[in-house]
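In terms of our numbering, the sequence shown is residues 4 to 261.
These are computed hints drawn from the structure, not numbers from a lab.
The reader is advised that the hints may include incorrect statements.
[Stated by the list, open to error] Derived DEER-like restraints, expressed as beta-carbon distance ranges:
#1 W194 with W65: 39 to 45 Å
#2 W197 with F58: 19 to 25 Å
#3 K124 with R228: 42 to 48 Å
#4 A120 with L172: 19 to 25 Å
#5 Y95 with Q157: 17 to 23 Å
[Stated by the list, open to error] BS3-like mimics (lysine-lysine), calculated; alpha carbons at most 30 Å apart, straight line:
#6 K63 with K124
#7 K124 with K200
#8 K200 with K63
Being a predicted model, the structure only gives us computed values, none of them experimental.
Positions of the beta carbon are idealized from the N, C-alpha and C atoms, including for glycine.
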Amino acid sequence: RHRATSQGGREGGRDVVCASPWHKGRRQGMSYTKVKGHDTPLLDKSHYDAAKPEFSPAWKVWHSIFFIVGGWSFVFGTWMLLGYPEWDGRLYYSALWYTIGSAGFLCLDTQEAVTYAQESKWVRMNIMCNWWGSVLYLVGSVGFFPSVYAWSDQIGIQGFIQGSFVIGLSELWKMHRIGTVGGGFSVERLWGSWDKKTATLVEMGPCIGAWCFFIGTFMYWHWPRGDNYLHVLYFWLVGSFAFSMGGVVCTWRHVNGY
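All chains, please: the whole structure from these sequences, using the hints.
Shown next as structure tokens:
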């Protein structure tokens, strides 16, 4: 989710951090955003080189695999509920797919947290927000296994509501960071080039996905019956495809050298 840009900056993945060349007297290789009225570096590019793990093929391959597994496992998990409403095993296998997907997201966030452990506290905090959200998703997924759900339905429900809230806010923060590179926030900066467009889409996918799961799971918590349940599944399905979109675009960026 961090990638080198064609302009020498770094954008991409579920977390996008930009370090574009500086002008007007600012040191090259440092990107800033306003935090509480001060210029705060997003990434100091000076300590990066081609030997760093995020530039290696293996790092990119695993990065893409974790993202793709996370998103598409959510799609399969939701389809178990939507496509096979009469099958007795749908609840177990849906929870299993969600657990696999959440583990994929957690591996993705752990990979980034370890790789970018030397960055500014704001970058690390942004990455760790996603990490905690993925932990909550993993707990929530386990909570939907029939045996666990029979003991307490709140493990699954609250895991997804709280995890979605954390991830949704974190992804909004990341898109804000993309939009502030080079000055104050501007929507135009989110779409100014193919680099920016695809970086924004990588973050927008999980952002939409998280808020769809937040709404859908909240509805499931309060109105779980009848047509409302079908609407819940539609929210979850849209959210799952949104997560998957982020993984597909992130992989495209890796393949094309962004």
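Outcome of the hint check:
no.: 1; hint: W194 with W65: 39 to 45 Å; in the structure: violated, 29 Å
no.: 2; hint: W197 with F58: 19 to 25 Å; in the structure: holds, 20 Å
no.: 3; hint: K124 with R228: 42 to 48 Å; in the structure: holds, 46 Å
no.: 4; hint: A120 with L172: 19 to 25 Å; in the structure: holds, 22 Å
no.: 5; hint: Y95 with Q157: 17 to 23 Å; in the structure: holds, 19 Å
no.: 6; hint: K63 with K124; in the structure: holds, 24 Å
no.: 7; hint: K124 with K200; in the structure: holds, 26 Å
no.: 8; hint: K200 with K63; in the structure: holds, 20 Å
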